[in-house]
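Residue numbers (this note's numbering), protein chains in the order written: chain A, 1 to 431; chain B, 1 to 414.
Since the hints were derived computationally from the structure, they do not count as laboratory data.
By construction, the Cβ of each residue, glycine as well, lies at the ideal position given by its N, Cα and C atoms.
Errors might be hidden in some of the hints.
[Unchecked claim] Here are some of the chain A residues that sit facing chain B, going by a computed Cβ distance under 10 angstroms: (1) S94; (2) Q102; (3) L103; (4) A110; (5) R119; (6) E129; (7) G131; (8) F167; (9) K168; (10) K170; (11) R216; (12) V219; (13) T221; (14) T224; (15) S367; (16) S421.
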Amino acid sequence: MSDEQPADSLSRRRFFGGAGSVAVAGAGGLIAGTGGAAVVGGALADEQATDPATDVERLQATSATLSYPYYGAHQSGIDTPPQDHLVFTAFDLSATTATELQLVLAKWSAAMAQMTAGRPVGKVEPTREHGIPVDTGEAFDMGTQGLTLTLGYGPSLFDDRFGLAKFKPKDFADLPAMAGEALDPAYTGGDLCIQACANDPQVAYHAVRNLARMARTSVKTRWTVLGFGRASAGPHQKTPRNLMGFKDGTRNVSGEADFAEHVWAGDEAQQPWMNGGSYLVARKIHMLIETWDEDPIGDQQSIFGRTKQEGAPLSGQSEHDVPDFHAAVAGKPAIAPDSHIALVAHENNAGTKILRRGYNFTDGLDSVGRLDAGLMFISFQKNPEQFVSLQRKLGSSDRLNEYIRHVGSGVFAVPGGLPESGSYYGKEFFA
Amino acid sequence: MPTSTSRAMSLPFVPGIVAGTAILALALTACGGASSSGTAGGATGSNGAAASVSNGAAQVAISVEKVDGEDQCVPNFSSAPAGPVTFTVSNKDSSGVSEVELLSDKRILGERENVIPGLKAVSFTVTLNGGSYQIYCPGAGTESKPFTVTGGATAGAASSITDQLKAGTEGYAKYVAGQVDSLVLAVADLKTSVDAGDVAASQKAYAAARPFFERIEPVAESFPDLDPVLDLRVADVEPGATWTGFHPLEKDLFESKAITEGTKVLAAGIVTNVGTLKTLTDELAAADGYKPEELANGASGLLEEIQSSKITGEEEAYSNLDLVDFVANIEGSQQAFEYLKPALTQIDHALTTQISTQFDTVNKALATYVDPDALGGYKPYTAELKASEATALTQLIQSLQAPLAKIAEKVATV
Numbered sequence: 001m002s003d004e005q006p007a008d009s010l011s012r013r014r015f016f017g018g019a020g021s022v023a024v025a026g027a028g029g030l031i032a033g034t035g036g037a038a039v040v041g042g043a044l045a046d047e048q049a050t051d052p053a054t055d056v057e058r059l060q061a062t063s064a065t066l067s068y069p070y071y072g073a074h075q076s077g078i079d080t081p082p083q084d085h086l087v088f089t090a091f092d093l094s095a096t097t098a099t100e101l102q103l104v105l106a107k108w109s110a111a112m113a114q115m116t117a118g119r120p121v122g123k124v125e126p127t128r129e130h131g132i133p134v135d136t137g138e139a140f141d142m143g144t145q146g147l148t149l150t151l152g153y154g155p156s157l158f159d160d161r162f163g164l165a166k167f168k169p170k171d172f173a174d175l176p177a178m179a180g181e182a183l184d185p186a187y188t189g190g191d192l193c194i195q196a197c198a199n200d201p202q203v204a205y206h207a208v209r210n211l212a213r214m215a216r217t218s219v220k221t222r223w224t225v226l227g228f229g230r231a232s233a234g235p236h237q238k239t240p241r242n243l244m245g246f247k248d249g250t251r252n253v254s255g256e257a258d259f260a261e262h263v264w265a266g267d268e269a270q271q272p273w274m275n276g277g278s279y280l281v282a283r284k285i286h287m288l289i290e291t292w293d294e295d296p297i298g299d300q301q302s303i304f305g306r307t308k309q310e311g312a313p314l315s316g317q318s319e320h321d322v323p324d325f326h327a328a329v330a331g332k333p334a335i336a337p338d339s340h341i342a343l344v345a346h347e348n349n350a351g352t353k354i355l356r357r358g359y360n361f362t363d364g365l366d367s368v369g370r371l372d373a374g375l376m377f378i379s380f381q382k383n384p385e386q387f388v389s390l391q392r393k394l395g396s397s398d399r400l401n402e403y404i405r406h407v408g409s410g411v412f413a414v415p416g417g418l419p420e421s422g423s424y425y426g427k428e429f430f431a
Numbered sequence: 001m002p003t004s005t006s007r008a009m010s011l012p013f014v015p016g017i018v019a020g021t022a023i024l025a026l027a028l029t030a031c032g033g034a035s036s037s038g039t040a041g042g043a044t045g046s047n048g049a050a051a052s053v054s055n056g057a058a059q060v061a062i063s064v065e066k067v068d069g070e071d072q073c074v075p076n077f078s079s080a081p082a083g084p085v086t087f088t089v090s091n092k093d094s095s096g097v098s099e100v101e102l103l104s105d106k107r108i109l110g111e112r113e114n115v116i117p118g119l120k121a122v123s124f125t126v127t128l129n130g131g132s133y134q135i136y137c138p139g140a141g142t143e144s145k146p147f148t149v150t151g152g153a154t155a156g157a158a159s160s161i162t163d164q165l166k167a168g169t170e171g172y173a174k175y176v177a178g179q180v181d182s183l184v185l186a187v188a189d190l191k192t193s194v195d196a197g198d199v200a201a202s203q204k205a206y207a208a209a210r211p212f213f214e215r216i217e218p219v220a221e222s223f224p225d226l227d228p229v230l231d232l233r234v235a236d237v238e239p240g241a242t243w244t245g246f247h248p249l250e251k252d253l254f255e256s257k258a259i260t261e262g263t264k265v266l267a268a269g270i271v272t273n274v275g276t277l278k279t280l281t282d283e284l285a286a287a288d289g290y291k292p293e294e295l296a297n298g299a300s301g302l303l304e305e306i307q308s309s310k311i312t313g314e315e316e317a318y319s320n321l322d323l324v325d326f327v328a329n330i331e332g333s334q335q336a337f338e339y340l341k342p343a344l345t346q347i348d349h350a351l352t353t354q355i356s357t358q359f360d361t362v363n364k365a366l367a368t369y370v371d372p373d374a375l376g377g378y379k380p381y382t383a384e385l386k387a388s389e390a391t392a393l394t395q396l397i398q399s400l401q402a403p404l405a406k407i408a409e410k411v412a413t414v
């Protein structure tokens with residue numbers, strides 16, 4: 001197996017051997033898989049001048065110094081390779097004036113720049129005895145950990161409270177009711193959202209906690225989901241498994257052309273601030289795990305349309321074989337037309353694709369004593385309709401529906417990236 | 001312990017940077033429009049020159065910006081003549097610095113928070129005597145920059161903040177004394193009802209006494225032996241220890257609804273311990289009195305009390321009077337704040353306004369729980385009420401506590 005893995009064809013010791021910042025930068029790029037997108041914080045790279053004793057420590061150091069640029073055409077956390085952990089939080093504004101909202105967005109923009117660069121948002125240890133620490137401190141010295149912070153606006157932000165109706169993207173509205181939903185209002189909606197992703201959960205949590213804290217007089221947390229074990233692959237990443245044990249998202253959006261066609265919003269939103277942005281759809285999907293676990297393998301595979309171990313389409317041998325929806329075995333379709341992959345395949349949906357960037361989650365036990373776990377599904381698309389059309393199909397005929405419930409939902413307009421330091425999200429709203 | 005303040009202060013002031021950015025800083029100020037005053041007269045201002053006076057105050061512009069990749073505070077003048085000085089602060093592109101203070105030694109004389117890139121300039125005015133001050137920018141590469149005021153003392157200068165703080169702490173001491181006196185009477189009344197074996201009257205007297213204690217709880221807590229004997233909840237009683245004070249009495253009156261000899265002993269104990277509280281608070285007021293930061297920490301501590309025990313319904317588990325305590329904690333907190341307010345307004349006007357507004361919001365929300373027919377005047381905090389209201393109450397308190405927690409630092413003396 002190691003022969004097939006390009007990274008393993010290099011001696012790991014040799015690869016990480018030069019412990020100087022250059023070697024670390026190279027390693028960061030490889031792990032990120034996108035080369036140019038990954039940069040290494042200078043100050044943190046310098047700390048690597050001392051040679052870590054073990055390979056484990058070297059890997060940790062690499063993750064600690066992995067960082068993505070905050071300023072650019074797009075917000076990070078969309079086309080950046082999915083990190084290991086997620087903290088997704090939706091907020092409601094308790095602010096009553098546009099000026100308060102402006103302050104929240106400006107504060108957050110500056111603080112997000114700080115934290116994605118691995119810096120605290122203020123003093124962890126004030127010099128004056130009576131000073132309240134500005135930064136809560138639990139991520140101090142932990143490095144960047146590939147932290148990305150992605151901000152989105154819910155449709156409700158553009159109601160009449162802040163006079164922002166004229167800035168609402170065309171046709172932007174809450175998702176319509178769909179089959180297969182059992183939505184809990186406690187996990188639905190929000191005026192704002194933050195998607196925090198990092199290779200360390202504490203770094204991601206710290207970021208959301210501090211953003212919420214600095215805006216406590218103006219925002220309140222509406223719902224939050226902690227995701228572990230990324231459930232979607234970015235370019236050059238191995239396809240991860242969901243909590244049903246299946247590889248999901250083998251055919252995810254990748255490559256610049258796909259992003260341009262399916263993910264990045266442009267003029268159709270009729271709002272300049274959405275250029276280079278996208279729409280984030282969040283769905284908290286509870287899995288009926290105990291029931292699923294007792295389902296025979298044949299049924300499990302038939303429901304997904306893939307084999308469990310390899311992840312191959314039932315029409316092929318290996319994971320990345322292109323599914324053949326016309327292939328037949330003993331006169332029956334090899335891949336059932338109501339299987340998960342058949343229903344969502346772009347071939348069967350007029351070419352529709354979405355970028356999946358979900359995470360597994362667990363919240364202990366639910367109110368009736370079942371495992372409360374599942375998929376925090378997050379997708380990005382240039383139009384929420386892409387998700388809606390796919391989900392309508394899934395909700396009405398996916399055999400997986402017997403084992404899942406959509407309990408949380410939100411859609412958020414994610415503005416394009418900030419061009420440079422000194423700019424902030426929403427500036428155009430307050431001119 | 002070496003502080004970053006002293007470390008940064010040892011760095012030399014760099015004249016070149018100041019001169020080079022003076023015009024930029026002024027331009028930002030001019031288009032910011034948040035300052036009620038005009039811009040500094042000396043557009044060619046440089047180190048050594050004192051800021052010139054316009055609109056009755058010397059005008060100093062501070063630009064927060066990246067200098068060679070590092071966040072810095074860049075004032076256009078490093079000195080001003082004695083008298084009122086207006087500092088106008090704008091953030092060009094520094095994401096790491098969001099507040100600017102003027103310090104005299106470690107004492108905050110004035111400050112502005114929320115100095116955020118992209119937002120309008122903000123300003124504050126302080127009246128300064130001749131002497132050395134520091135412009136303090138937490139998070140900047142050089143956090144503290146010296147600022148010199150030339151000339152002598154001016155009438156109504158910085159010391160007025162000290163005077164106002166002193167008046168505030170004296171006022172608060174009187175407030176505490178008043179609450180304790182009322183508490184003495186209320187618990188005497190409680191004891192009378194208990195001794196008479198009248199459960200209904202005792203319940204009423206219990207509800208009437210509690211707010212006087214809850215309003216000044218941080219003061220009572222400052223006497224380490226007194227709070228446990230008066231206000232310990234059952235969950236906090238060490239195994240084997242005797243449980244005394246309000247809450248075992250509450251249990252008798254509201255759970256078993258029976259007055260025993262033990263109940264009478266409890267009531268008598270409360271009277272004794274409240275007497276001790278009066279003696280100790282009187283002594284405290286006569287000796288050193290209260291420090292401004294004690295008022296501030298007390299105000300914030302009362303909100304902590306609400307969050308840790310009232311919102312959960314642990315405090316008044318038998319009587320469900322938690323909202324009565326809640327309101328009393330808020331009143332006590334607001335009183336402490338009000339006594340600091342005149343000084344705090346001078347130090348940080350925006351924060352003071354924000355806290356006042358949040359108190360209004362909280363009080364307005366609490367008014368919706370008023371129930372004149374209920375014991376203590378507020379709805380009983382039942383499991384149902386808790387289930388429906390606890391989250392909203394938590395958010396209400398958190399949005400007050402965050403700004404309120406900041407005031408101790410602003411009024412602390414060194």
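| query | With 10 angstroms as the cut and Cβ atoms as the points, is S421 of chain A at the interface with chain B? | reply | holds, 4 angstroms
| For the hint on R119 of chain A, does the least C-beta distance to chain B fall short of 10 angstroms? | At about 7 angstroms, which falls below the 10 angstroms cut-off, the nearest Cβ of chain B leaves the hint on R119 of chain A intact, so it holds.
| task | Go through the hint on T224 of chain A and say holds or violated, using the shortest Cβ distance to chain B against 10 angstroms. | result | violated, 13 angstroms
| task | Could you check if K170 of chain A really has its C-beta closer than 10 angstroms to a C-beta on chain B? | result | violated, 26 angstroms
| query | Would the hint on L103 of chain A stand, with a C-beta cut-off of 10 angstroms toward chain B? | reply | holds, 6 angstroms
| field | Hint check: 10 angstroms Cβ-Cβ cutoff, V219 of chain A to chain B | value | With a minimum Cβ separation of about 9 angstroms from chain B (threshold 10 angstroms), the hint on V219 of chain A holds.
| Do the numbers back the hint for F167 of chain A, that is, is its least Cβ distance to chain B under 10 angstroms? | violated, 17 angstroms
| Regarding the hint that K168 of chain A lies at the interface with chain B, is the smallest CB-CB distance below 10 angstroms? | violated, 22 angstroms
| said: Just to be careful: measuring from the Cβ of Q102 of chain A to every Cβ in chain B, is the smallest value less than 10 angstroms? | reply: holds, 7 angstroms
| Against chain B, is E129 of chain A within 10 angstroms by beta-carbon distance? | holds, 7 angstroms
| At a threshold of 10 angstroms, is the proposed contact between S367 of chain A and chain B supported by beta-carbon distances? | violated, 13 angstroms
| field | Hint status (Cβ of A110 of chain A to nearest Cβ of chain B, threshold 10 angstroms) | value | holds, 4 angstroms
In this structure, the hints that do not hold are numbers 8, 9, 10, 14 and 15, in rising order.
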